[in-house]
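Student: These protein sequence lines are chains A and B, in that order.
Under the working numbering, think of the first position of the first sequence as 1, with each following residue one higher.
Under the working numbering, think of the first position of the second sequence as 267, with each following residue one higher.
It should be emphasised that the hints constitute simulated quantities derived from the structure, not laboratory data.
Since the model is a prediction, treat every value here as computed from it, not as a measurement.
Treat the hints with care, as some may be off.
[Unchecked claim] Partner residues are not named here, just some residues of chain B that face chain A (Cβ under 7 Å, in silico):
{"hint": "1", "residue": "Thr310"}
{"hint": "2", "residue": "Gln351"}
{"hint": "3", "residue": "Arg352"}
{"hint": "4", "residue": "Gly405"}
{"hint": "5", "residue": "Asp406"}
{"hint": "6", "residue": "Thr407"}
{"hint": "7", "residue": "Thr432"}
{"hint": "8", "residue": "Gly433"}
{"hint": "9", "residue": "Glu505"}
{"hint": "10", "residue": "Val528"}
[Unchecked claim] Covered stretches of chain B (in silico footprint by chain A; criterion: 3 or more residues with CB under 8 Å from a CB of chain A, positions within the stretch not fixed):
{"hint": "11", "segment": "293-305"}
{"hint": "12", "segment": "456-466"}
{"hint": "13", "segment": "509-516"}
[Said to hold, decoys possible] The calculated label-pair distances, taken between Cβ atoms and stated as ranges, are:
{"hint": "14", "chain 1": "B", "residue 1": "Val292", "chain 2": "A", "residue 2": "Gly93", "range": "35 to 45 Å"}
{"hint": "15", "chain 1": "B", "residue 1": "Asp281", "chain 2": "A", "residue 2": "Leu261", "range": "49 to 59 Å"}
{"hint": "16", "chain 1": "A", "residue 1": "Glu260", "chain 2": "B", "residue 2": "Arg500", "range": "53 to 63 Å"}
Glycine included, C-beta positions come from ideal geometry on N, C-alpha and C.
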Amino acid sequence: MLRLAGVSYRYPGAGHETLHAVDLELYPGTVTGLAGAEQAGKSTLCLVAGGLAPRVVGGTVNGEIDIDGQDTRDWPMHRLADLVVTGLQDPGGQLSLIAETVFGEVAFGPANLGLPYDEVVSSAEEALRLVGIEHLRAHDPTRLSGGQQQLVVIAGLLAMRPRYLVLDEPVAHLDAASAKLVLTAIRAAATAGTAVLMAEQRPEAWTACDAVAVLGHGNILATGAPDEILSNPRITTLGIEEPAEVRLRRRLSEAGLDPELMGSAS
Amino acid sequence: MTEVRLEAVDFTYPDGTRALDGVDLVVPAGSALALVGANGSGKTTLARHLNGLLRPSSGRVAVDGIDAAERTVAQLARSVGLCFQRPDRQIFGRTVRDEIEFGPRHQGVSSEDAFGRVKALASRLGLGEDLGAHPDDLGDTRRKLLTIASVLAMETPVFVLDEPTTGLDARGVDRIEHIVRELVEAGRTVIGISHDMRFVAETFERVVVLDRGRIVLDGTTEEVFAEDRWPALRGAGLEPPEAAVIGTRLGLGSTPTEAAIVGALTSRAARR
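So that you can see chain A by itself, here it is in the shape it has in the complex:
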């Protein structure tokens, strides 16, 4: 289990903390969603949970961070990266810029973990298939569309078969069909034992989650089952998009109609 207990974080040079006393536990085999308005601290929490802050980004972390009871705070990045990998918000900015093909890009991560050749190839192949980009394997990753680059980056992360996978808005740039594939692949990674933390804005992402944590102004405000969190009317005041069914019931009430006109949810 990756555990954050009472974790606060301050960016380098910042006058205030961006995260305050965050408690978060990521269990193998589960997907934890991270919801919250813009500037709630979702990306920052992804950086801290993934270990990029403070190691790469700088800044100051206080509180406890451990994996299976081992304090990881003084681990160097290369040691942590064997266990924890992070997908950032801007996929194009995360390409290696070394690989000449999509296949090479997806194989880059597992190859750098020092895995045997056959395993590098098979995990890259599987990842390409999972996110539906086998047909792009020979393309230059830098010349793909924004959404295709996002799929390449996610395939590269999945190919590393990490124990902990942190994803900052993994479906933000994707069309509906690709988003569904990626969410299914994230579920499959969890079934295979990975613990996933996924920050998102798009409501369909919560269907892939076992639990959703709500961030507001750098604090965890609530954690619970997705249905329970998303049916709470307070979430709109926190800048989180309600599922369409929930919002429609509310709008029908506001229009003086019976929300039951909606019938039972499909």
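Based on the hints, put chain B in the right spot on chain A.
Tutor: For chain B alone, coordinates are given in the frame of chain A:
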């Protein structure tokens, strides 16, 4: 009021990828159109043709009746403001204010007027307290809003917004919806690229669906999101907005927006 017209536009990238394949499209002056399609369907490639960043392999692009081939990117930029999908490809100012002011200052707008635009747009987009901040110190989402502000500041007759709502929270999406509606009311031509079908249905009057570089559907949101078009929509890798699915389940006809569902249920209740 400026019309945008594409006639039989083909575009093939140097690596042989055919990104646009015989695209014919007229966007009337002062209208709003959403361009949707699966990842890699050619949406961004099409957008880049509108201000000359890409030139068609064959066919013709015309802005306000003038062939884009006869105009430089700098000339086209006075007519067409293009907001990129990735903020990092666009931002270079040292402060938020510099970034938003850059366009109007280079159009010859006085510093007083340019700063007026900066303040108004920053407040509209929720960046009012960040004017002195370095763009790199903003989160990705606010950088996105900054790119939109800096394109809007040029007050071009045509705006092309490539994925303007990506990563925005519910409030941010509402802001963009309002801004697009106001632009259209002010007579601007707006082309929005998005995969957020709810945003598309709530904001635009017309939807054009691209699939592998070809236009496969073109109509009002009621038409394109009606049940009989779902197979074509899904064939292009897209899903109808949830309101359309719910309205169909309730037998309300084509209801691309939640307001349409509430309206249809209200009139149904009144008839009983």
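Student: Which earlier hints can't be squared with this structure?
Tutor: The structure conflicts with hint 16 only, although it agrees with all the remaining ones.
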